[in-house]
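Novice: Chain by chain, the residues:
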Amino acid sequence: MKATFAVVKRLLASNKLSYILTAIVVLCATSSGDVVLSNGNYTWLLAVLTPFFFVCYDFTKLMHLGASKKDYFIGCLISYGILSFGISLVNTAIHLLIDPIDPTRTVINLMDVCRWTENGIIAAGFQQMFFLLLVMVFLHVLLSMQPHWYGWLTDAVIAAVICIFTPIAPLRGILSGFFRLIMLNSNAIAHIGICLLLSAVLALGGLAVLKRKTL
Amino acid sequence: MIELKQVTKQYGQAAVLKNITLSIDAPGIYCLLGRNGAGKTTLLKSIAGYQNITSGTIQVDGKPIATSTLDPGVSYIENFAKHFNLPVRKLLRIASQVNPDYDVAFASDMMERFELDGKKKFNHLSLGMKTMVSTIICLASSKEVILLDEPVLGFDAIMRVEFYDMLAESFQKHPRIIIVSTHIIEEIAKTIQKLIVLDKGSIRFFDTLQSVEAKAFGVSGLQKDVEAATRGLHIIGREAVGGLVTCYIFDTPPAPAASLEICPLSLQDFFIQMVGHKGGAAR
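Protein chains in written order, with this note's numbering: chain P, 1 to 215; chain V, 1 to 283.
Any given hint could turn out to be false.
[Said to hold, decoys possible] The list that follows gives simulated cross-link-like pairs (lysine-lysine, BS3-like), each with its CA atoms no further than 25 Å apart:
no. : chain 1 : residue 1 : chain 2 : residue 2
1   : V       : K194      : V       : K5
2   : P       : K61       : P       : K9
3   : P       : K2        : V       : K90
4   : V       : K18       : P       : K61
5   : V       : K82       : P       : K9
6   : P       : K211      : P       : K9
7   : V       : K190      : P       : K61
8   : V       : K18       : P       : K2
9   : P       : K61       : V       : K194
10  : V       : K215      : P       : K213
11  : V       : K90       : V       : K121
12  : P       : K2        : P       : K211
13  : P       : K9        : P       : K70
14  : V       : K130      : V       : K119
15  : V       : K200      : V       : K173
16  : V       : K119      : P       : K213
17  : P       : K211      : V       : K5
18  : V       : K82       : P       : K211
19  : V       : K130      : V       : K90
20  : P       : K213      : V       : K18
21  : V       : K63       : V       : K90
22  : V       : K119      : P       : K70
23  : V       : K82       : P       : K61
24  : P       : K2        : P       : K70
25  : P       : K9        : V       : K215
26  : P       : K9        : V       : K63
27  : V       : K5        : V       : K82
28  : P       : K16       : V       : K82
29  : P       : K2        : P       : K61
Hints listed in this document are in silico derivations from the structure and should not be mistaken for laboratory results.
Just chain V, same shape as in the assembly (with noise of 0.2 Å):
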């Protein structure tokens, strides 16, 4: 269980994290979106007791987290992580004899379905194949809390499938949380239980993705149409052309209506409306 309590981090005056309060209690996939600099890698970092916060509580199964914590049950890997310069095969032996409990079977498995050549070192590694071989490392410990940034980094497309479904399976063997920053969205959607959105600093959304899907709609007419239509809903967005109107809602969908086009949202516009940026400027 993961509980942070007004949680804020900041460097120097700046504020990365504002007053973050957010309780995962049960085991699932969560995936943390967030645009760049939103605060997600320094999120995932005070949660795994690699970095302190300025003020708050995080806690980790009733464990006080901070960087004084010796072993937090964490494991948290970033994208670009360094690793000794040996062999594949060797690295991943290594983080068997230094993490308890460790997967091998898993980390083995995996290794052969990426097809990661075992004698092959490190430094030598494709950017994609590194964080692979980091993702395993990360999965296959027996952490009860993981904690991935941006692991598809550098996949592709297929490799980036294969990552899905190894995240399921993983979670499939070894039910626990795991949290997935990520900027490929409608990707990762079928994978993941919950979506939590980040933005400058403050959570603006976490809930299920069912919840996205039941909720989260355009609603598109005539501007007076519209208008009454989504009153007193959560409105989340608005975009006008000319005199056709979109707002983009949050909340129980009006009655269909000759006038209006109501459409589901994907979870990449959905993201997009709550984070209220295009191009930089906020709406």
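Just chain P, with the same shape it has in the complex (with noise of 0.2 Å):
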């Protein structure tokens, strides 16, 4: 395990970049009007830039160091976890004790939006962790894949899916469902189990993938 520890030891410190630009965005970014969104809501932003290095960065560095396929996979699945909680903790924080600050004005955190916050906030701060650990596996993935036709063909998939399911009826309620079971979902049990159902599913998709990653 000390091997897997330094791996994510450097990955969470090669993700420097990632960490400067949400702070930027989190600490600059502005609204005006009666109703604003929450500067908290742009910490998400970190889960969304994270894969990028870890997958197309840090590989490569990694292993050239000695580091195992086997620690990276640990590595980066542990690290997801870490940075999921670090930010779900920032956002619910500013949520809590930011948001409220100018009572004139409405705050729109996201956390609200997919109604978690109506199961007290420590379950919400729970939901979005996992959500998020979600949305990281799901782009570490789709990001492992590109170099492969495979990846492609899931690029065109799922932009194929948007495109046809968004403007036909039956369809959108099928794709807004499946929206509501992973993101818009106030029961908050269901919610995890289902984060955690197909993050452990796409981890095990980015593992094939991984095995089949050459240098």
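Using the hints, put the two standalone chains together into the complex.
Specialist: Below is the structure:
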């Protein structure tokens, strides 16, 4: 496990650019009007940026340092877990401490939009954490597949599903049902369970892609 | 132990490795020689599990090797390996953390010997120093198979001598299979035990240096005398200048005669004759 934690440490340390970009956006984003977006929402940017660095920048360098694919795989999952916890913690803190500062303005935080706060703030924090974990694992797998034909095929399928399912009402219902399940879900246990299950399935897919990855 | 059975690697229609069967079972320093494009890097990357082969099997210590092997137990370094842009000392420390049983003392010793500035960031190093850092990381790992792909690229003469010493010291400290691919043949001869010659994707030669010393000769003289002396011997090359002919053999040398000049071949000449090309054309 020592090697795995060394990989985790390196992955998190070499993700500085993501931290800086996210911090800049969170600190500098401004909204006007009576209804404004919470700056905490922008912490999610870190979940989107991180997989790019883990997949495109860190993998080759860690391999050249002698790390094994096994340690890289487990290290990525642990890092995503740590980061999703951290992002959730910061956004929840912003939601609790900064959003209510100006009572004259309505501040929209995605935790409210997704109806997670209906279950209390702690459950909402965990729902957010596992949703972000799912997002990061999904992006990781999608990015890992890009050098292969099946990566492009997956891109095309995702684009096709969105393009075809959105304008057709019955299909739109399926699509919105899926998003209600993974995102806009007020049932905390079901939501966390689905996010964990999908993350596990995607992680297994990611392992299969990693096993084909060349250097 | 490395075992390759009928290994073929194709890129589209082009076969880079052709039906290679090779067994390396004893620890030692092995030199992999071959012309540019002979398939050396492909062979080493395949043994390291960095890429898949088209057909055949590769095993290291009985474990099948492919990209799906999550921990192949092989340390491979290529000459332009990219690393995190961190100070050298920190880079070596991270390598020691991600590699179980990493030889920290060896890495520190080598860093001092090669006067590597531990505070200097990797991207600020010269090509030779970058290669040296990669090589130290590779040799300090505890893996039982070490693959070095053209490690002396960018080294000056003094660094190359130091490198060969480092290789020998590393092997003495931790005997294992070390395969070094290089183009600088004569310099590495003192360090290696066995020679692997790869030509156009096939193994042309795999034996000890002693066998080269004992069997590789050039026999020169008049055509009829040379032909008579080398009849039935394994001829690996032939040159004719005017009426004089030189036959290069890999066999028991013929009995000395006044009409013949028999000279042992240098490793480089042996290699040139084995791969059978000069100026790009097959003889």
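Novice: Now tell me, hint by hint, if it's right for this structure.
Specialist: Hint check:
1. V:K194 / V:K5: holds, 20 Å
2. P:K61 / P:K9: holds, 14 Å
3. P:K2 / V:K90: Given pair P:K2, V:K90 holds - Cα atoms ~17 Å apart, limit 25 Å.
4. V:K18 / P:K61: The hint is violated at about 31 Å.
5. V:K82 / P:K9: It holds: about 19 Å lies between the C-alpha atoms, which stays within 25 Å.
6. P:K211 / P:K9: At roughly 23 Å apart (the allowed maximum being 25 Å), P:K9 and P:K211 satisfy the hint.
7. V:K190 / P:K61: Since the Cα atoms of V:K190 and P:K61 sit roughly 33 Å apart, the hinted pair is violated (cutoff 25 Å).
8. V:K18 / P:K2: Violated. V:K18 to P:K2 sits at ~40 Å, over the 25 Å cutoff.
9. P:K61 / V:K194: Cα-Cα ~31 Å, so violated.
10. V:K215 / P:K213: violated, 44 Å
11. V:K90 / V:K121: It holds: about 9 Å lies between the C-alpha atoms, which stays within 25 Å.
12. P:K2 / P:K211: holds, 22 Å
13. P:K9 / P:K70: holds, 15 Å
14. V:K130 / V:K119: holds, 14 Å
15. V:K200 / V:K173: Given pair V:K200, V:K173 is violated - Cα atoms ~35 Å apart, limit 25 Å.
16. V:K119 / P:K213: violated, 33 Å
17. P:K211 / V:K5: holds, 22 Å
18. V:K82 / P:K211: holds, 21 Å
19. V:K130 / V:K90: holds, 14 Å
20. P:K213 / V:K18: holds, 23 Å
21. V:K63 / V:K90: The given pair, whose Cα atoms are some 32 Å apart, is violated under the 25 Å limit.
22. V:K119 / P:K70: Violated: V:K119 and P:K70 sit about 30 Å apart, past 25 Å.
23. V:K82 / P:K61: The hint holds at about 6 Å.
24. P:K2 / P:K70: Measuring from Cα to Cα gives roughly 13 Å; hence the hint holds.
25. P:K9 / V:K215: Violated, at roughly 55 Å.
26. P:K9 / V:K63: With Cα atoms ~30 Å apart, P:K9 and V:K63 exceed 25 Å; violated.
27. V:K5 / V:K82: Status violated; Cα separation ~31 Å.
28. P:K16 / V:K82: Satisfied, since the Cα-Cα distance of roughly 19 Å is no more than 25 Å.
29. P:K2 / P:K61: holds, 18 Å
The structure is inconsistent with the numbered hints 4, 7, 8, 9, 10, 15, 16, 21, 22, 25, 26, 27, although it conforms to all the rest.
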